[in-house]
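S.K.: So the chains spell out like this:
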Amino acid sequence: MAHSEEFQKLEGRIFTKSFFILLAVVLTGFFFVGVRFVKGIGAVSNMSDGYPWGIWITYDVATGTAIACGGYAVAILVYIRNRMQYHPIIRSAILTSMFGYGLAGFSVMVDLGRPWNAYNFFVPRQWQANSAMFEVALCVMAYSTVLLIEFIPAILTSIENSKWTRMNAIRNWLHPRIAPDQKTMEDKLEMVRLGAAWLNPRLNKVLIFFIVLGITLPTMHQSSLGSLLLIASTKLHPLWHTGFLPLLFLLNCIFIGYSIAILESLISSYAFKRPFEIKELSGLAGLVPYVTVIWFSVMVGDLIYRGQLAAAFKFDFYSRYFLSDFLLVAIGSLFMFSGKLRRSPRWLFISAAMIVFGGALYRFNVYLIGFNPGKGWRYFPSFAEVMITVGIVALEILAYKVFVALFPVLPNTSHGKSHGHAPAAEPVKEAGYAGAAALNTHN
Amino acid sequence: MKKQSRRDFLKLVGATGAGLVATGAATCQANEAVKVNNEELGMLYDATKCVGCKACMSACKRVNADYGSLSYEKARFDTDGLWDAPSDLSGSTRTLIKLFKESNKQWSYVKYSCMHCQKPSCVSVCPVSAMTKEPVTGIVDYNKNTCIGCRYCQVACPYNIPKFQWEKALPQIVKCDLCKNTNLREKGISACAEVCPAGAIKFGKRKDLLEEAQTRLKDNPDKYIAHIYGEHEGGGTNHIYLASMPFNKLGLPDIKPEAPAEFSEKIQHTIYKGFIAPVALYSTLCFIAVKNMKKHGHGEDDSHKKEDK
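First to last, the sequence lines map onto chains A and B.
Per full-length UniProt numbering, numbering through the first sequence is continuous, rising by one, with the last residue being 443.
Per full-length UniProt numbering, numbering through the second sequence is continuous, rising by one, with the last residue being 309.
It is possible that part of the hints are untrue.
As the list claims (entries may be wrong) - Computed spacing ranges between beta-carbons, pair by pair:
no., chain 1, residue 1, chain 2, residue 2, range
1, B, W107, A, V293, 52 to 58 Å
2, B, K295, A, R320, 47 to 53 Å
3, A, M109, B, K223, 36 to 42 Å
4, B, V279, A, G376, 45 to 51 Å
5, A, G376, B, K105, 23 to 29 Å
Stated by the list, open to error - According to the in silico footprint, chain B covers these stretches of chain A (three or more CB under 8 Å from chain B):
no., stretch
6, 25-39
7, 124-137
8, 229-240
9, 326-337
10, 385-391
Unchecked claim - One side of the interface only, derived from the structure: several residues of chain B facing chain A at Cβ under 8 Å:
no., residue
11, V36
12, V125
13, I148
14, R151
15, Y152
16, P260
17, Q268
18, L281
In short, the hints are calculated from the structure, not lab data.
Glycine included, each C-beta is placed from N, C-alpha and C at the ideal position.
When you get a sec, could you build the whole thing from the sequences and use the hints?
M.R.: Written as structure tokens, this is what we have:
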């Protein structure tokens, strides 16, 4: 199997110290989710009629899905630009996208006041095509499904090669009276294995059409996330309110997507003590400045066209936030422009982080900071509100850690394609970082 | 090789962008200009006649309490809860009288309630058609049975009218519906207009209200600011105002004559006209991707095609 060679499972224990720390954060978040459903949104959040969208929409949906655009950006690169050398990083990118979007969907259900009516999205009589929200909702739901389909091959491969050790362990642990018969169970599991073996190649044949759908859908809804605020012409500050919001949001998610793919790869290499995929990453980093330059040109050109350039240099509240997001992305791009810095993991990390923060700040500017509903309204997220978001992010990291151990997601380091690095099998003697320490590689 | 690929990439980004740029720049194409319908129902509030008795507020709540699940709001000083004392429009209050006092001589009352726009933003943005505009009466109505509670209407409304019941586990949006299901159906007039003892609220068709407002302006030019608020604001509203003080001081925002919903729909419509652009994008990308896969299938060994056999 070609895929099982290209990708590998991460060896190591799942239930580590960091697992339980993350779990505690997740449970705290879900406690407040419970409070929200019993006592109403007002009981946990500082949102108001002036600021009806708080950090759940701004971070979890508008920014979180951009950060989850790694899968989108890498898919463009691999399948459209035909750069197959980046294929090894695609599965982890898709996995993080899957969690990012899935959990954005989850926090929408927390945020919606009347979630039991959400089925109306599937009732054609209720459709309202003028609404950017309608487009975003359908597209995000469709894309989450597509991401799941894109990830299924990893699960199927894992079933095909499974020795069912965990399953058998559970069987042996159960009381003999309720435990299923050894033979029957083996037969049934064999059938599942055969089913997976039957499905896998067939799915792989048509997978490309889902992958392309997975490129089309984000193009649509990421631009529509910008369109959402077009209507707020009296509330959004003129620095950000422009007819080009859809285009700016689309470009923004592409450069965030590449940068986050770099960050994720660097972090997981570090945490899981695997060699850095520096060649692929510096190639990715080389692309980012081109996208950001287009973004800057549209943004600045539009400001000049609307005569708002002076507002950017007033150094008032709004101008300062505008300049910070601009400079973060600009300086990060400059670092990435340099071929030398691009080949250093440290500088890659710094510049990618700057671009992700700058790009995310842009989205915060549009959704919250530049949004002024009128006199007397103020918004700063409450502790419970923040904890719900943090809990959701923690769940994302937790699920990622579990998935990379259960399924072949990470690039296979012994799959000898131009990796001039130390073999991963060698245990690295370095402690301190909780995640790394907890996931000690044996073998 | 590297240069080539960068150019390809830029081409791709350019292509996706080009469609959007075109839409941003495209102006009057596919623009269904808002036709003002003066036959619709509305109200004229004359701030110079208002005496601030708040009879409209209590009538509104009395009549609509059951229908909008409205409750009484306690003031901080009123621990017994004897009075209904809302300080702002809220999930329990659909209409509100406020006093704006600049000095002892310069002051004005002002009434807040839904403006019933000719081209309402809330209707334009609601993803599940829970906000609707009745074609004949022009009433902007809300249906809690389809509402998902996303609060996009609140973000969109330039007057901050739709309110959400933050404190309830099963919340809904609350806004004025001209007593459509209550007083209007029973008596043919909204409750606030019916009870106003000072004649400050006039209920009727928009054309009659505009005529009346113009007459008042002509007869007493010194008394009023020479402007009918709502005649042109945001594409025109059915709830219009006369006052002796600048409207933005009374909490009514300055809004351009173009309806905000027109601007956003123009862009959204051009991008998604006939759903052509997304389909075209998908087919183009499919073509490129399949071609790439084929090319690749003969070259290296980690292709998907290889797995079939």
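S.K.: Which of the stated hints cannot be reconciled with the structure, identified by number in ascending sequence?
M.R.: Of the numbered hints given earlier, those the structure breaks are 3, 9, 10, 11, listed in rising order.
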